[in-house]
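*Asks:* Sequences listed follow chains V and P, in order.
Take the first sequence: its position 18, counting from 1, is numbered 18 in this note's numbering, and each next residue is one higher.
Take the second sequence: its position 86, counting from 1, is numbered 1086 in this note's numbering, and each next residue is one higher.
For the record, the hints were derived by calculation from the structure and aren't laboratory data.
All of these numbers come straight from a predicted model, not from anything done at the bench.
Glycine included, C-beta positions come from ideal geometry on N, C-alpha and C.
Careful, some of the hints might be misleading.
What follows is a list of derived Cβ distance ranges for each label pair [unchecked claim]:
1. LYS1053/P - ARG111/V: 30 to 38 angstroms
2. HIS1071/P - GLY178/V: 34 to 42 angstroms
3. GLY178/V - GLU1088/P: 33 to 41 angstroms
4. LYS126/V - ILE1059/P: 49 to 57 angstroms
5. TYR99/V - GLU1006/P: 22 to 30 angstroms
6. LYS126/V - PRO1117/P: 27 to 35 angstroms
7. ALA124/V - GLU1135/P: 38 to 46 angstroms
8. TYR99/V - VAL1153/P: 39 to 47 angstroms
9. LYS1053/P - THR96/V: 25 to 33 angstroms
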Amino acid sequence: MGLGPRRGPQQYKGPRAARSESGGPSAELRQEAPVRGSAGPRALRTGAVSACGSAGGQEAAGGRDGSVFQLLTDLKQQRKDSGKHKQSSGQQNLNTIMYETLKYISKTPCRFQSPEIVRDFLIAMKGHKLTKAEKLQLLNHRPMTAVEIQLMVEESEERLTEEQIESLLQTVSSVLPGNPAEELQKQATTAAEEDDDPE
Amino acid sequence: MFVLVEMMDTVRIPPWQFEMKLNDSIAEELNKKLANKVVYNVGLCICLYDITKLEDSYIFPGDGASHTKVHFRYVVFHPFLDEILIGEIKGCSQDGVHVSLGFFDDIVIPPESLQQPAKFDEAEQVWVWEYETEEGAHDLYMDTGEEIRFRIVDESFVDTSPTGPSSTEASTSGATEEVQKKEAPYTLVGSISEPGLGLLSWWTNS
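Okay, chain V solo, but in the shape it has when bound (with noise of 0.2 angstroms):
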């Protein structure tokens, strides 16, 4: 059950061809559906994944949060190290992007995962029979309260019982790292222990 996920990413199938905004000659995309990442040869994923893949066909759809940061964090220290480059003045909008999409992932747990870590969760979730886009959220998101994972994973009244729910959020814990603060983890565990009466 639940693994043709009614409202995931493939949704986006549609489009076959498209206008960049700025007007210049079309480019014809072809937007990869996610659901397929695996066939690639890398996805937006590094090495480690294409192991998951092999492991069990169990990989985040769509791109990780942690590994848009990853790229962008090499990117820039790529066009910090070819140095005062002649082509950088037209680069406005590459270095305001890379800056703010930056900015916004490092405010994220992402920031701390490595592919080895996604293949360690993603092998803690083959249990729990959820979907690609449930995993994916996830990861981008660490929750830390059952109310968070309501939300994430669609039915989970159904689907979940309180203890699943439990061992989920353990799992999570444990296995991603960063803690948006300290204050929150122990707020968190505290409020793990009391259990999760959310409201």
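Place chain P on chain V using the hints.
*Replies:* Here is chain P on its own, set in the frame of chain V:
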């Protein structure tokens, strides 16, 4: 929230860039063209991921530049429907709550998708959730700058590419009109009408 999109384009490399490696100059050109731009029905382009295939380069008569057909993959911001995102409140208006992710601003949560019952405080120009408890109603304000968790419920792309001169009239008044309707090419519609959604501070200490 991000996806990889396979694209194809023909890239023109002017002669003064021939000293660079072809891959590098193509990467530069692709980022120059696409980064921070919205592609219709695709999403907001972030940066080049990789080049998957380079076809032969051509030089056309009368132009010293080389033209190369490139297959590449680009990182694109395009959250799927029902995805949960966290953003920052940019402001409130009668139309609802406007949310920003920093790199993407065109997110609106319409009044009917707020936590109910909600009302708009005209004096402070802010939306309020009139949360009811046994002791009475609490007014929870949605102030600018607060972090907010929301669900994506709809998206819309507007084709903003220039159209030709459509009508012969309106040459001077057209210019002012143009400025006014500078529409966002890609808008997301959010919702917070579920438990767990809304300001992060509403749900942290239960």
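*Asks:* So does ALA124/V sit 38 to 46 angstroms from GLU1135/P, Cβ to Cβ?
*Replies:* holds, 43 angstroms
*Asks:* Can you let me know if the beta-carbon spacing of LYS126/V and PRO1117/P is within 27 to 35 angstroms?
*Replies:* 43 angstroms Cβ-Cβ, so the 27 to 35 angstroms window is violated.
*Asks:* Do LYS1053/P and ARG111/V keep their Cβ atoms within the hinted range of 30 to 38 angstroms?
*Replies:* Hint holds: Cβ distance 32 angstroms, inside 30 to 38 angstroms.
*Asks:* Is the distance from the Cβ of TYR99/V to the Cβ of VAL1153/P consistent with 39 to 47 angstroms?
*Replies:* violated, 29 angstroms
*Asks:* Lying within 49 to 57 angstroms: is that true of the beta-carbon distance LYS126/V to ILE1059/P?
*Replies:* Given about 54 angstroms between the Cβ atoms, the range holds.
*Asks:* Given the range 34 to 42 angstroms, decide if the beta-carbon distance of HIS1071/P to GLY178/V lies inside it.
*Replies:* This hint holds: roughly 35 angstroms between Cβ atoms.
*Asks:* Could you check the hint for me, namely that GLY178/V and GLU1088/P are 33 to 41 angstroms apart, CB to CB?
*Replies:* Violated: the Cβ-Cβ distance is about 20 angstroms, outside 33 to 41 angstroms.
*Asks:* Does the hinted range 25 to 33 angstroms hold for LYS1053/P and THR96/V at CB?
*Replies:* The hinted range 25 to 33 angstroms holds for LYS1053/P and THR96/V, with Cβ atoms some 29 angstroms apart.
*Asks:* Is 22 to 30 angstroms respected by the C-beta to C-beta distance linking TYR99/V and GLU1006/P?
*Replies:* Taking Cβ atoms as reference, TYR99/V and GLU1006/P lie about 26 angstroms apart, which means the hint holds.
Consistency note: the structure conflicts with the earlier hints numbered 3, 6, 8.
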